[in-house]
Amino acid sequence: MVIGWLTVRCAALVVALACLSTLALAQNPDATTVQGIARDWLVLTDRGDAGASWDAAARQFRNALPRERWADSLRKAREPLGALAQRAILSTTFATSFPGAPDGNYAIVLFRTSFEKKADAAETVTLEREADGVWRVVGYLIR
28 MVIGWLTVRC AALVVALACL STLALAQNPD ATTVQGIARD WLVLTDRGDA
78 GASWDAAARQ FRNALPRERW ADSLRKAREP LGALAQRAIL STTFATSFPG
128 APDGNYAIVL FRTSFEKKAD AAETVTLERE ADGVWRVVGY LIR
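My numbering puts the first residue of the sequence shown at 28, with every later residue one more than the last.
No lab work stands behind these hints, which were simulated from the structure alone. Not one of these hints is a red herring.
Distance condition first, Cα-Cα at most 16 Å in a straight line; then the derived EDC-like pairs of lysine to aspartate or glutamate: (1) Lys103 x Asp73; (2) Lys103 x Asp76; (3) Lys144 x Glu106; (4) Lys145 x Glu106; (5) Lys144 x Asp73; (6) Lys145 x Asp73.
Label pairs and their in silico Cβ distance ranges: (7) Arg86 x Ala146: 28 to 38 Å; (8) Arg86 x Gln113: 23 to 33 Å; (9) Pro56 x Asp99: 29 to 39 Å; (10) Ser141 x Asn90: 29 to 39 Å; (11) Glu157 x Gly78: 12 to 22 Å; (12) Lys103 x Pro56: 34 to 44 Å; (13) Arg96 x Gly127: 13 to 23 Å.
All C-beta atoms, glycine included, are put in the ideal place defined by N, C-alpha and C.
All chains should be modelled from the sequences, with the hints used to inform the complete structure.
Structure representation (structure tokens):
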């Protein structure tokens, strides 16, 4: 299930990430920071706290997805999966651009996740470094 502005761009993003020359792997000193922010944000979604996860998201996320729509989308995506069983980071990638998004500083954190009713899931959390220098979630995808 796709949530946020990645709705139309999921497949293009995955292909683009493999091809972009502006990517840097997890050696980036920001890797630990963005991983922590992504994990903290996912804890909010795990609790079903749509309001807090929306508040913590990037301006681009909030502008594209009204709070009520986010709450409904999150509920529809997560309730069928059941409780979180396990989550591990697979990779962290950085990019300055990708299709469908304005140029900027982005981090894509991929997780292998197990839920009570779906043992093998993948979560993608995309973060953007906003003008204030803080990394915030701009996209979320569950497969």
